[in-house]
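Produce the entire structure from the sequences given, and follow the hints as far as they go.
Chain by chain, the residues run as shown.
There are 2 protein chains.
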Amino acid sequence: MRRAPADTDWMAVAIALSRRARPGAAPNPNVGCLIVRNGRVVARGWTGAGGRPHAEAAALAVAGAGARGATAYVSLEPCAHESMRGPACADSLIAAGVSRVVIASQDPDPRTDGAGIARLRAAGVEVVTDVLTADARAAMAPWWTRQVAARPFVTLKLATSLDGCIALADGSSRWITGPRARAHGHLERAGHQAILVGRRTLDIDAPRLDVRLPGLEKRSPDKLLLTRGTAPEGWAAVASPEAVTGLDSVLVEGGAGAAAAFLAADRVDRLLLYRAPILIGGGRPALGDIGLGDLADAHDRWRLVDSRLLGSDRLDVYERTRRD
Amino acid sequence: MRRAPADTDWMAVAIALSRRARPGAAPNPNVGCLIVRNGRVVARGWTGAGGRPHAEAAALAVAGAGARGATAYVSLEPCAHESMRGPACADSLIAAGVSRVVIASQDPDPRTDGAGIARLRAAGVEVVTDVLTADARAAMAPWWTRQVAARPFVTLKLATSLDGCIALADGSSRWITGPRARAHGHLERAGHQAILVGRRTLDIDAPRLDVRLPGLEKRSPDKLLLTRGTAPEGWAAVASPEAVTGLDSVLVEGGAGAAAAFLAADRVDRLLLYRAPILIGGGRPALGDIGLGDLADAHDRWRLVDSRLLGSDRLDVYERTRRD
Numbered sequence: 001m002r003r004a005p006a007d008t009d010w011m012a013v014a015i016a017l018s019r020r021a022r023p024g025a026a027p028n029p030n031v032g033c034l035i036v037r038n039g040r041v042v043a044r045g046w047t048g049a050g051g052r053p054h055a056e057a058a059a060l061a062v063a064g065a066g067a068r069g070a071t072a073y074v075s076l077e078p079c080a081h082e083s084m085r086g087p088a089c090a091d092s093l094i095a096a097g098v099s100r101v102v103i104a105s106q107d108p109d110p111r112t113d114g115a116g117i118a119r120l121r122a123a124g125v126e127v128v129t130d131v132l133t134a135d136a137r138a139a140m141a142p143w144w145t146r147q148v149a150a151r152p153f154v155t156l157k158l159a160t161s162l163d164g165c166i167a168l169a170d171g172s173s174r175w176i177t178g179p180r181a182r183a184h185g186h187l188e189r190a191g192h193q194a195i196l197v198g199r200r201t202l203d204i205d206a207p208r209l210d211v212r213l214p215g216l217e218k219r220s221p222d223k224l225l226l227t228r229g230t231a232p233e234g235w236a237a238v239a240s241p242e243a244v245t246g247l248d249s250v251l252v253e254g255g256a257g258a259a260a261a262f263l264a265a266d267r268v269d270r271l272l273l274y275r276a277p278i279l280i281g282g283g284r285p286a287l288g289d290i291g292l293g294d295l296a297d298a299h300d301r302w303r304l305v306d307s308r309l310l311g312s313d314r315l316d317v318y319e320r321t322r323r324d
Numbered sequence: 001m002r003r004a005p006a007d008t009d010w011m012a013v014a015i016a017l018s019r020r021a022r023p024g025a026a027p028n029p030n031v032g033c034l035i036v037r038n039g040r041v042v043a044r045g046w047t048g049a050g051g052r053p054h055a056e057a058a059a060l061a062v063a064g065a066g067a068r069g070a071t072a073y074v075s076l077e078p079c080a081h082e083s084m085r086g087p088a089c090a091d092s093l094i095a096a097g098v099s100r101v102v103i104a105s106q107d108p109d110p111r112t113d114g115a116g117i118a119r120l121r122a123a124g125v126e127v128v129t130d131v132l133t134a135d136a137r138a139a140m141a142p143w144w145t146r147q148v149a150a151r152p153f154v155t156l157k158l159a160t161s162l163d164g165c166i167a168l169a170d171g172s173s174r175w176i177t178g179p180r181a182r183a184h185g186h187l188e189r190a191g192h193q194a195i196l197v198g199r200r201t202l203d204i205d206a207p208r209l210d211v212r213l214p215g216l217e218k219r220s221p222d223k224l225l226l227t228r229g230t231a232p233e234g235w236a237a238v239a240s241p242e243a244v245t246g247l248d249s250v251l252v253e254g255g256a257g258a259a260a261a262f263l264a265a266d267r268v269d270r271l272l273l274y275r276a277p278i279l280i281g282g283g284r285p286a287l288g289d290i291g292l293g294d295l296a297d298a299h300d301r302w303r304l305v306d307s308r309l310l311g312s313d314r315l316d317v318y319e320r321t322r323r324d
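Quick note, the sequences are listed as chains A and B, same order. Residues 1 to 324 (the working numbering) are what the first sequence spells out, left to right. Residues 1 to 324 (the working numbering) are what the second sequence spells out, left to right.
Keep in mind the hints are simulated off the structure, nothing from the lab. If you're wondering where the values come from, they're calculated on a predicted model, not measured in any experiment. It cannot be assumed that every hint is accurate.
Restricting the straight-line Cα-Cα distance to at most 25 Å, the calculated cross-link-like pairs of lysine to any residue (SDA-like) are [said to hold, decoys possible]:
#, chain 1, residue 1, chain 2, residue 2
1, B, 157, B, 65
2, A, 223, A, 238
3, B, 157, A, 238
4, B, 157, A, 295
5, B, 157, A, 182
6, A, 223, A, 205
7, B, 157, A, 309
8, B, 157, B, 6
9, B, 157, A, 316
10, B, 223, B, 265
11, B, 157, A, 308
12, A, 223, A, 203
13, B, 157, A, 300
14, B, 157, B, 257
15, A, 218, A, 100
16, B, 157, A, 223
17, B, 157, A, 239
18, B, 157, B, 122
19, B, 157, A, 203
20, A, 218, A, 229
21, B, 223, B, 84
22, B, 218, B, 27
23, B, 157, A, 303
24, A, 223, A, 182
25, B, 157, A, 205
26, B, 157, A, 52
27, B, 157, A, 296
28, B, 157, A, 168
The following block contains the structure:
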């Protein structure tokens with residue numbers, strides 16, 4: 001006999017939907033919403049590009065009268081604030097006759113922050129909170145980081161040989177990784193609001209830093225240059241890792257100096273390590289000095305969250321372990 | 001309905017048994033033997049320490065009269081040469097009444113090299129050859145390499161951070177990897193006839209290079225020092241990678257110079273890459289110059305054959321792709 005889906009099962013689907021809204025939803029949170037009635041999915045929704053429609057509005061538009069008496073699973077607390085761009089989602093859920101709302105994470109935005117839950121309950125809607133909270137926050141890590149820590153969620157990409165080199169001693173680096181790893185790197189670009197490189201990488205490699213994947217060309221992110229000087233046309237200059245603000249997500253693509261600067265400032269949240277099955281020997285190291293004085297301090301900072309083969313290359317994804 | 005085991009299934013067992021004889025069988029080949037009658041295992045055997053008894057003799061001693069009419073699965077052709085240490089295995093199999101012999105690989109030793117097969121057939125024994133040949137040769141790669149290429153099978157061990165460093169800039173390297181990875185490294189030591197380090201590693205780290213695993217202390221291998229000078233008490237000096245002879249297996253444990261010397265000479269057959277989930281940045285690189293002039297030449301040399309987590313560290317095992 002098949003077990004009936006539990007709240008956590010439905011919420012896992014809502015969280016998966018929330019990932020579809022990255023990075024287009026920025027600066028709004030990427031949220032997923034699933035409307036379920038009598039054990040069947042009535043509608044699915046996620047935040048639209050530019051932040052509208054909200055996930056609940058998208059799902060309710062599909063559900064229509066089917067929302068009456070249904071349960072809505074939302075990865076983030078429904079908003080309690082109206083705006084010129086639409087009504088508050090808490091009000092919309094009440095108006096649609098939803099009888100139960102299951103929420104993964106409360107919204108830290110001071111305009112909501114519990115007010116959405118309170119409004120639903122005041123209207124007689126049953127509200128369940130804190131279902132798969134950590135998963136939902138992980139799915140909206142860039143928005144969450146900016147919201148609660150006032151800084152972007154930073155991913156550092158390194159593409160190295162087995163011995164940790166990013167180029168030969170003469171600087172040649174085409175190609176270390178193969179086509180599948182490079183395509184994955186382009187997909188990661190499409191998932192970020194901005195890409196950052198250091199001055200030396202710009203001068204030597206003159207990277208295009210665009211998304212060269214069919215159908216995703218328009219998702220090419222903004223370009224940031226880490227420099228105390230000025231940036232060329234089409235680029236924005238930032239003087240330090242701490243100076244990168246006003247963004248949810250930044251992908252640091254190199255080189256060793258820029259990578260080290262972000263690590264030294266403890267501003268890297270996620271590490272993409274593409275590794276080709278080659279040995280270089282005496283080549284250019286992936287990282288410059290990051291200010292590590294004692295090996296003991298290097299441990300327990302990175303947690304492996306994904307590992308896969310991309311052709312003959314391996315991608316390992318690590319996340320910074322932080323106690324937020 | 002369960003399928004009856006095929007010759008390849010039984011041979012896989014014999015090959016697994018052959019691995020038990022490493023490295024104790026050296027300088028003899030490590031061989032496995034399985035005796036099967038009416039679909040049931042009658043006896044198992046593998047080469048003893050120092051090369052005797054041979055796998056067939058060990059299995060026949062267990063089988064006794066049970067060998068009559070049975071099939072013997074052997075990972076290497078039974079020897080055709082008597083010695084003061086025992087009779088030829090081909091003769092022993094015939095005398096025991098074995099009616100069928102299945103062989104993975106012919107023996108390249110000129111004293112056998114087909115003569116064992118011929119003697120069995122002349123006595124009316126059915127002989128099947130070339131069953132899982134590549135697997136059997138891989139299981140006795142050290143002996144095979146010495147036999148056909150007149151050089152040892154060399155494993156290079158590297159224990160690095162994610163950015164490919166083996167130490168901080170000040171040389172400190174205790175500890176990069178954790179206890180499970182270090183224990184695995186000790187197990188690898190126990191599987192080799194000799195361990196080699198460079199002069200600088202000896203002077204700075206003064207490594208004990210013994211096997212510190214309960215029950216395996218006596219398996220500590222010989223110690224080689226890569227140097228143009230002399231070696232201290234308890235060590236043997238070798239002037240170059242090519243000068244390492246008279247051994248089946250050598251484990252190169254460091255440092256960056258010794259590792260690079262073996263790679264530059266293309267004398268590394270297997271790579272053990274232990275990697276801790278830490279970043280060092282600006283530390284000591286795993287490898288010195290290996291003479292690579294063009295990135296294209298670095299590709300298609302290494303094949304991933306195993307990957308596992310050891311605590312929070314990862315071990316990737318690569319083998320050199322050679323067309324022997």
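- Which of the listed hints are broken here? 1, 3, 5, 8, 15, 16, 17, 18, 19, 20, 21, 25 and 26
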